[in-house]
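Just so you know, the protein sequences line up as chains A, B, C and D, in that order. Residue 1 is where the first sequence starts when you use my numbering, and the numbers rise one by one after that. Residue 1 is where the second sequence starts when you use my numbering, and the numbers rise one by one after that. Residue 1 is where the third sequence starts when you use my numbering, and the numbers rise one by one after that. Residue 1 is where the fourth sequence starts when you use my numbering, and the numbers rise one by one after that.
Fair warning: there could be bad hints in the mix.
Derived contacts from chain D toward chain A, CB cut-off under 10 angstroms, selection only [unchecked claim]:
hint, residue
1, 128
2, 583
3, 590
4, 591
5, 627
EDC-like, lysine to aspartate or glutamate: derived pairs with alpha carbons at most 16 angstroms apart [what the hints assert, rightly or not]:
hint, chain 1, residue 1, chain 2, residue 2
6, C, 290, C, 173
7, D, 476, D, 270
8, B, 92, B, 6
9, C, 58, D, 529
10, C, 54, D, 237
11, B, 116, B, 127
Label-pair distances were calculated between CB atoms; the ranges are [unchecked claim]:
hint, chain 1, residue 1, chain 2, residue 2, range
12, A, 145, B, 189, 49 to 55 angstroms
13, A, 271, B, 189, 34 to 40 angstroms
14, D, 26, C, 299, 51 to 57 angstroms
15, D, 26, A, 271, 54 to 60 angstroms
16, D, 35, A, 89, 58 to 64 angstroms
17, D, 541, C, 276, 38 to 44 angstroms
18, D, 23, A, 413, 49 to 55 angstroms
19, A, 440, D, 353, 41 to 47 angstroms
20, D, 485, C, 21, 33 to 39 angstroms
21, A, 89, B, 181, 55 to 61 angstroms
22, D, 570, C, 265, 31 to 37 angstroms
23, A, 271, B, 21, 35 to 41 angstroms
24, A, 438, D, 570, 34 to 40 angstroms
The set of hints was computed from the structure by calculation and includes no laboratory data. All figures in this text were calculated on a predicted structure; none of them were measured in a lab. All C-beta atoms in this analysis are idealised placements derived from N, C-alpha and C, irrespective of residue type, glycine included.
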Amino acid sequence: MIHAYQLVVLIPYAAALILVAVPGYRVGATANVIVSAATFAAGLWLVAGESIVGDYAIVDEFNIVFIAINTLVGFTTALFSASYIGHEIETGRLSPSFVRFYHAMFQAMMGSMNLALIANNIGVMWVGLELATLITVVMVGLYRTPQAIEAAWKYFILASVGISLAFFGTILIYLAGQPALGEGMPAMTWSLLQAAAARMDPAILDLAFIFLLIGYGTKVGLAPLHAWLPDAHAEGPTPISAVLSGLLLNVALYALLRFKMLVAGQPAALDPGPVMVVMGLVSLIFAAFMLYQRRDIKRLFAYSSIEHMGLIVFAFGMGGPLANFAGLLHMAMHSLTKSGIFFAVGHIAQAKGTQRIAEIRGLSVTHPRLAVVFALAVLAICGMPPFGVFASEFLILTTTFAREPWLALLPAFGLLVGFGALLMRLQGTIFGEPVGPAHRVEASSVPMVLHLLLVLAAGIFLPPLLVAWFQRAAELLG
Amino acid sequence: MSQAYEISHLLAGVMLVTSFALLYQERVAAVLNAFAAQSITLALAVAWSAWSDNRPDLFITALIALTLKGIVIPVALHRTVARLGIHREVEKVVGVGVALMVGLALTGLAQALVLKVAAGMASHAREELALALAIILLGFLMMIVRRNAVTQVVGFMSMENGLILAATGARGMPLVVEVSVAFSVLISLFVFAVFVFRIRERFDTVDLEALDRMRGDRR
Amino acid sequence: MTRDLVVQFLAQGAQMAFVLLIAPLAVGVVRRVKARLMRRQGPPLLQAYRDLAKLLRKESVIAESASWLFRSAPYLIFALTWVAAALVPSFASGLMFNWAADVVALVALLGAARALLALAGMDVGTSFGGIGSSREMMIATLAEPAMMLIVLTLAIAAGTTRLAGVADFFIAEPFGVRVSLALSLISLVIVALAENARIPVDNPATHLELTMVHEAMVLEYSGRHLALIEAASHLKLVLYLSLLICLFAPFGMAPATAGLSGWAIGLVAWIAKLLAGAVLLGVWEVSIAKMRVFRLPDFVGVAFVFGFIAILLAFLTRGVFA
Amino acid sequence: MRGPALAFVYPLSALAAVVLGVVDLQVLLSGGEAATRLPIGLPTIGFHLRLDTLSAFFGIVINGGVVAASLYGMGFDRVKELTPRVEPLFPLFAAAMNLVLIADDAYAFLFSWELMSLASWALVVARHTDPECRRAAHLYLVMAAIGTVALLFAFGGLAGPAGGYTFDTVRTHPPQPMVAALVLMAALVGCGSKGGLIPLHAWLPLAHPAAPSHVSALMSGVMTKVAIYGFVRIAFDLLGPPAWWWALPPIVLGAMTAVLGLLYAVLDRDLKRVLAYSTIENVGLIFVALGLALAFRANAQHAAAAVAMAAALLHVLNHSWFKSLLFLGAGAILHATGRRDLDGLGGLIHRMPRTAAFFLVGALAISALPPLNGFVSEWLLFQAVIAAPALPQAALHFASPAIGAMLALAAALAAACFVRVYGTAFLGRPRSAEAAGAHDVPLVQQAAMGGLAFLCILGGLMGSVLAAALAPVLDKLAGGALPGPGSGPTPFSLIAFDPARSIYDAPIIALFVAIASLTTLIVVHRLSERRTRRGPAWDCGFPDPSPATQYTASSFAQPLRRVYGAAAFAAQETVVMPPPGDIRPARFSVVVVDHLWRAFYAAPGRAVIGLSERLNVLQFLTIRRYLVLMFVTLVILLSIAAVTT
């Protein structure tokens, strides 16, 4: 009997094979949506079911949330790109054959990310994550403009180096686990490693965590390993930007956190907290300043993703039940909000025919509804109530101040600087006298509204089940 | 056993030496030869551990290392270099002397790190881990002290050699073969890219204007 | 009981009448003294009364651009000043209503009169009115902080801000916090000069437009309105004189419980002190020249500094109240 | 979202505000309180709401303002006044303010607090095509965010690492002294940035005027009070027993704010900006009173604490009334003439008599002149200052005269400022065609202003009654109360400490003044020549028909600028006099420097932009250099691991 956790991986991979063969982009798009819906259904099935610990697969309180988000955002993104890609073909940026390829790649990517999420084996997780990365590399280069190729190439190099380092880290984890769990599979299995964490070799564990931090941190987009991120977001198709910010960063961070759990399980090992705090703060503040000089709207929000990843890593670096809880909550909220923002940005780019911020003005006059949604989404990511990000930032800042009053000033400073920049851009784009063209928007606005509603709901009421999961994961994270 | 360990240790040592050779070489052709030598040594090392710990599947890894990285890619790159006309001296960021010094420092760092590892793990495994770590770091160094694409690809590949060495060194580690296959695919992509997109200086251009054009993000 | 109440009420009324009646006389005295010291014949002592009567008889000319505010202001200004003057203990301390406003409220009442006058000055829309109003308000910003410091000193010393209370306190123990009191006396005198637009702050006799402050504001007034304004300024002079008297020379003032005889004595003493004060003012005014407007901060600043020193001294030798 | 769909916004919000106000009043008078917990908000903590007497009092303040603003809004021409950008947000803004007051846990508080900022931001930027509005809105929301972060810190400190966010938990576990001090500073920054305490004030004169006038009235008259509420709630309710030196920052900052705010106001030519600056001044006064209350409470001088607290709370109420009135009046002027610059107005008392009358009441009230309401709180404040020397701490001794002098200066400046405003806007002759052609506003808007004016007078006469109504709040916050109405000579005499010490009896004084003026009127009209002739202005014999010869707002400010400007703003006047025989006109120019803006706004802004330009280089590195970054990071971490054991 086939189980849901197999479905979330198998459906996309199978679909990828089929979609390569499907001619006609409309059919492909529809199929893409249907398949993603099916995957989402499987994901929900997992949520409904109880946790699983198999040889290769694990579904526990920690990753179930991310599986759910992954499949959901995969579905909404498919929905969005179905209406979006058509416009890309009309404008001639993509040929139908490329769209076919795009759909196949999209499913393959989703499959790989789900694989990385449910894998109970650090090797398999590594494979899934790297597969997803390489596929996104190809997607980023999809438009084959010089900029796109340049971005893809940079992404490729940095990601490959990251891949190698992460792999070395994985080997080290194996070596660290070997004394406790013996040779072979057990020393690469999450559940067993987690259980045996206390008996693992601390020194190798430290070494391993460093390599994993650099390796997976590159995909998380931590400064100074972030260089690929802004360009990849800016040059790739908008749905891919949404998936990158919304999912891939999360999955990479998820992997990193799994390893942090191991380190937390071994008291003799060095505490990764300070390192994470520092890297988080560097990313947060650096990205906040970078926001001011951005001219391309997608690159702007790419940097804001770096900013928020920095905040999340900072929270986990602080540790403790409240901060970890806040970090997890912020991960979830950020991926929903940011992908929603990228959907909105896609609409804007269609409406104004450009991504250059300077040429986007007065949206509230020309496209009132879009402007409202966009404004709400941006304010949400800035941590304004009544959206979920406010709750997580509330927890992060209050607990930090309660424990380290002076340290708390730094993330606050970064967030304020970033807020100033985003607000400036927001006002510039939606207010003022409109300039330039104002086309009708083809893409469907359902996904972004849906995301916004979810974030709103989370800001007002968090389901107890979710809270329970987060709390359990938070205490594992130490 | 001890003699088995002697040989694998020797081979690993040779690989480290070739890494230094890579850093030392001035001309692209020579770099490629040095790399080929390293890959062949790797193949030998892997084959040896395959035989000594009788894990026949590792022979595949050895074979890939030998054919792809020992022969195919070096040859291919030789021809690319010839076609791109960059077989003359490569532009270096720092002098050979400095590069070697840094390399030595990195090797020392690798040793220091591994020496902290508890005696819980077999001493030869630790030794090999130290060497592999050193090779990886040297490969990374190679990537950042050379300016043209080919040598950087080479640097990456020697990094990856170190990885394979570490993976085979980790006794009984599953999936090594699969991973080595995956890596060779990755590398082929690299080389493919260098071929197709004619990436000469994209790797490291000093022409910021060009980058602006590329990035479409005016300063 | 009721009879007593009636008496009290009459006494209060009597004080209102007294201040109103004596005010022009005080002004007359000042003018006369100044004239004499300048070797002039000078106006008769009762000239001020005659002026008022004359103004009342004349019709009043009002500029077209004037509004209802211009016409109603004089009545309010006069009333406010009158009430304020009536609330300062003059011949007796415990009169029926002089608890109704303490020093702070008293200053504020005068402030209200001043604000109305300044508004009236702006109403017609001439440049002179503006000059007068703006300078008047500027002077007030200089005087009020000093006044506040004086009030603070007195409150520290006497433990109350009710004038009657302060007077009673000083009657009871005349040798209070002396140095600080002397200093605050000086600053109160300076404040009084500034508030009453006397030399050196302003020259009540001037008609050289650019130097005048008070006169410039009332330039547009005539007839009965002018009469009221003039009367109000006379009252203000009396008010400040009796304020000085009640705070720094309360001797002779009848206590709350005193009967008619006590009141009579108090009344005599008060009038005497009042006229003496007027004489002194006259002497002062001839012996000093008017200052340029923007030298005023230095002059009133003296009041501020003295007031501050007074408080610091009061901190050293004070009866704390809580 | 336009047309009839929104026609009911203002009536409904007025109605809702009335209902809420009545509820608040009932709670305040009955002294009871109601609390509830909604299962939303933070997980495991929930969303706590509580309506106690303090919230109820501030609720009355806020809903009063909302009623007036809504009435005023009803009078709008719904086509011209960009309603779709205002009407949906107006009720949200009002609701958020009410929510802040009844929030009973940190999350609920900040949630509604930030919602309030957000709604008001959207209202400020309603006139979005005006770049000045956008700039103001941006500065405003950024400052609001800074304030929110400060409050986050404050509540973080109160809640502690365990996260006891509900106010009840905080009350039972007050923080350590050191933490408490940090919390107080954070609260001062957080609430000060919303209330306009210097140096966090600069957004206020930009944002308040930018909004539609009835929203300006809400922001200036009411929202600043929410900031005060936040500070009172934290400092007097949550923070536990105070240390005496906590009083110093609010007192010193407050006094400086009061004086500087008015100096700004006196020098400014824009009517609505002047009003906004005077709001800053009043917030300063309130903070002084609160600081004094803290000091008295720390020394267990409860009677004095009650006086100071009563001064603060009554001033909150009074200011909400006359500032709303004045902003509505400014809105009326703006509506009638389309101008905000004082030097373009004049003579409006003839064109819009009712508005002029109401505005006069407001102007006199805000100048703290008896018998209006502004003076009641001012009087109590002075009484509190006069009691300050009784405090044992030397620092507070020597502060007290300085504070008293600064408050007196502020009062005098306020009078000067509003004589200037009223004199140039309503009196004199029209300085522009618009002013000459002005007309009074619709009846409902006049009603809004008239109601507030009436309250200003009533509050002035019935100050003692209001103070008595505050008794439960005072008892809760200051541990004492003012002597009740019974203890004075008349039921309406306002008493600080005890009747022997200081009384202010507004009704008696008002009665006296009324009698005196009436008798004067009658007498004068009996004996005097009753004839009155209208003629050209005398003006020393040289009347000039051109309205340009009048004193303008700028010229009115000149003496004050001469006296205070040099010190406060390095003001410099330069006169360029052409040589004799040259017929060119002489040129007069003034340079005024806003040091605070330079130091606290311009410089940091430049720093951020400059730094971002520096860092931006990192966007344009080559791939190899990015690899170098990666490599260096790796090596650093490895070295750390190598050295640490």
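Verification of the hints:
1. Contact between residue 128/D and chain A, as hinted, is supported at the beta carbon level, the nearest pair being about 4 angstroms apart and thus within 10 angstroms.
2. With its C-beta approaching chain A no nearer than about 45 angstroms, residue 583/D sits outside the 10 angstroms limit, and its interface hint is violated.
3. Among the interface hints, the one on residue 590/D is violated; its C-beta lies about 32 angstroms from the nearest C-beta in chain A, farther than the 10 angstroms criterion.
4. For residue 591/D, the interface hint is violated, since its Cβ never comes within 10 angstroms of a Cβ in chain A; the closest pair sits about 30 angstroms apart.
5. Interface hint status for residue 627/D: upheld, as the beta-carbon distance to the closest one in chain A is roughly 7 angstroms, under 10 angstroms.
6. A distance of roughly 38 angstroms separates the Cα atoms of residue 290/C and residue 173/C; the hinted pair therefore is violated under the 16 angstroms criterion.
7. For the hint pairing residue 476/D with residue 270/D, the CA-to-CA distance comes to about 41 angstroms; that exceeds 16 angstroms, so the pair is violated.
8. The hinted pair formed by residue 92/B and residue 6/B fails the criterion: a straight-line CA distance of about 36 angstroms is larger than 16 angstroms.
9. Distance check on the hinted pair: residue 58/C and residue 529/D sit about 6 angstroms apart at the alpha-carbon level, within 16 angstroms; holds.
10. Straight-line distance between C-alpha atoms of residue 54/C and residue 237/D comes to about 65 angstroms, which puts the hinted pair past the 16 angstroms bound.
11. Taking the CA atoms of residue 116/B and residue 127/B, the gap is near 12 angstroms; set against the 16 angstroms cutoff, the hint holds.
12. Our hint of 49 to 55 angstroms for residue 145/A and residue 189/B is violated, since their Cβ atoms are close to 20 angstroms apart.
13. The hint said 34 to 40 angstroms for the Cβ distance between residue 271/A and residue 189/B, and at roughly 38 angstroms that hint holds.
14. The hint said 51 to 57 angstroms for the Cβ distance between residue 26/D and residue 299/C, and at roughly 56 angstroms that hint holds.
15. Checked against the hint of 54 to 60 angstroms, the C-beta distance between residue 26/D and residue 271/A comes to roughly 56 angstroms, which is consistent with it.
16. Distance hint for residue 35/D and residue 89/A: a CB-CB separation of about 60 angstroms, consistent with the stated range 58 to 64 angstroms.
17. For the pair residue 541/D and residue 276/C, the supplied restraint of 38 to 44 angstroms holds, since their beta-carbon distance comes to about 40 angstroms.
18. About 42 angstroms separates the C-beta atoms of residue 23/D and residue 413/A, a value inconsistent with the hinted range of 49 to 55 angstroms.
19. For the pair residue 440/A and residue 353/D, the supplied restraint of 41 to 47 angstroms is violated, since their beta-carbon distance comes to about 54 angstroms.
20. Distance hint for residue 485/D and residue 21/C: a CB-CB separation of about 37 angstroms, consistent with the stated range 33 to 39 angstroms.
21. Taken as a hint, the range 55 to 61 angstroms is violated for the pair residue 89/A and residue 181/B, whose Cβ atoms sit roughly 36 angstroms apart.
22. The given range of 31 to 37 angstroms is broken by residue 570/D and residue 265/C, whose C-beta atoms sit roughly 58 angstroms from each other.
23. Distance hint check for residue 271/A and residue 21/B: the Cβ-Cβ separation is about 40 angstroms, which falls inside the suggested range of 35 to 41 angstroms.
24. A hinted range of 34 to 40 angstroms is violated for the C-beta pair residue 438/A and residue 570/D, which are about 49 angstroms apart.
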